[in-house]
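Enquirer: Protein chains in written order, with the numbering used here: chain A, 1 to 291; chain B, 292 to 509.
Hints listed in this document are in silico derivations from the structure and should not be mistaken for laboratory results. All C-beta atoms in this analysis are idealised placements derived from N, C-alpha and C, irrespective of residue type, glycine included. Check each hint, because a few of them may be wrong.
Unchecked claim - Partial pick of chain B residues on the chain A-facing surface, computed with a CB cut under 7 Å:
1) THR300
2) ASP455
3) ALA456
4) ALA459
5) ASP463
6) VAL466
7) VAL467
8) ALA470
9) ARG480
10) ALA486
11) LEU490
12) GLN493
13) ASP500
14) ARG504
If you want the building blocks of each chain, they are given just below.
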Amino acid sequence: MRGSARIATALALALLVPAAGRAQQGDGPVVRARRVRADAQLKVFYDAGSVRFVGWDKDSLVIRGRVRAGQFYLGGDSSSLKFGVEDHNGGTAVTSADLTVYLPRGARVAARTVSASISARDVSGWFYTVSGDIALAGTATSLDALSMSGAIELSAVTPWVRARTGDGRLVVAGAPEDVDASTITGPLVIATSSVKRGQLATVRGDIRYTASPARGAVLDMSTHSGAIELNLPRTASARMTLSSIEGHIEAGGVTSMPTAAGNRPMTFDVGDGASRVTARTYKGVIRVVAR
Amino acid sequence: MTHDTRHLTEAERQMVAEGLAGDASADVAAHLAACAACADDVARLKRLVTEARALKTMDEGEVASLWPEIRTRIDTAKVASIAVGEAERPRRVGWPVAAAAMLLVGVGVAGFALRRHTAQQPVVSASTNDVQLTAASDSVRLYQDEAQALLAQLELQRAMLRPDAVRAIDHDLAVVDSAIAELQDAVARDPRNSALRQLLAQSYRRKVDVLQRVGNAG
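If we strip away everything but chain A, and leave its shape as in the complex, we get:
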């Protein structure tokens, strides 16, 4: 019985892999394929190169591409798997691969690399890299993107996203609802009106918000010495609360110098004040620009 099940699985995969292969031949040869549950958990780890995740409507995992340095491994069962590239013989200082991973949309990924770039479409989960870049798109239940110094670009539809980087550029687009995004010195750009709850912060990086706040949205922007630019359409509606301790505030063509303004926020309504936008900086400039 068990033997016939294995044969059936092997046949199914034999049929599946060429089909997938025809569709994604540009991704390189199949490294491994396996049947997995729709809500499988997948852990991935290797150093350099790239990894691309693609969510699909099949109950299988297909890994295509090339391993440049190190030994590929895949372990686990249909509900919990782990793959990566490791150094078996101690002769490879940095493991490297360029892989494309097809997996069920309902699966969750936990990916960790050193310098390998990470991209994903229609995949949820946790993505971490030391210095690589991260680009996440499509639809996801939640996204957690962390980098020490790489750039992060989010253009996904998701109810929740958290993104952190050091000196990389962080761009939030797409249609996220709850966003917690921060950098240390890298610029932070928000280019979507979908955010309903936003915690946006840097230490030295500039924050640029180019969108119209959603009705009822609560956006909190904070930086130590970066500039904050709020680029709003003329139809925007928000209660603005702006504080700069040592920097100045430019709003509606008027500049407020940092005297008593540092102690008291400048508050005013744009439109009918249907959202709450708070911008706070120690010595950066805050600009509110109509477009």
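Given the coordinates of chain A, work out where chain B should sit on it, guided by the hints.
Expert: Relative to chain A, chain B alone:
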């Protein structure tokens, strides 16, 4: 009705005090003439009634003049105790802000429909500021503690981290620590500035973020 053995009831005393004793006034007067306790009580009530009627005659302006002192007392009672290094500085909105407010509201230079500007009517009341101060101070303490614990972990892990990760972590920590030092100085100069304390809390949060990422960099 004999009052030799029974004092006036509270209702009777009130009626006498307000001049409403009516038919019973002869008996009541006789009792009051004989009973010093009730007479004293009625006299006290009469004084209260007189003072109360005098209050009613105050015009709105006189009542309004009492309000600032009442509000000051309420605000003083509401102040939360926060460990600060210096006394509260009076806060005034400087003329540039007021001027900006006038221009922003009146002119609408950039085409915004600026409905309200509260420079002249502060949106952040003293009590709101206190709540923000307390919350921000609590956040600073929590993040400080967490950062301290994570720093201890970092020192244990440092030898196992990749050199590029160490460089990135040290760089980010130096940037955050510099910001924290600057903000701590500013808070020492202006301890009741809630925006400063919120910025300080945010900086500590960034430090915690950096240190939490260290765990994944091994």
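Enquirer: Now tell me if each hint is right for this structure.
Expert: Hints versus structure:
1. THR300: violated, 59 Å
2. ASP455: The hint holds - B:ASP455 has a Cβ within 7 Å of chain A, the shortest such distance being about 6 Å.
3. ALA456: OK, holds: B:ALA456 within 7 Å of chain A, min 5 Å.
4. ALA459: Result: holds, 4 Å to nearest chain A Cβ.
5. ASP463: It holds, given that the least Cβ distance between B:ASP463 and chain A is near 5 Å, below 7 Å.
6. VAL466: holds, 5 Å
7. VAL467: holds, 6 Å
8. ALA470: Holds, about 4 Å.
9. ARG480: Status violated, d = 10 Å.
10. ALA486: holds, 4 Å
11. LEU490: holds, 5 Å
12. GLN493: holds, 5 Å
13. ASP500: Holds. Min distance 5 Å.
14. ARG504: For B:ARG504, the interface hint holds, since the closest Cβ of chain A sits about 6 Å away, which is under 7 Å.
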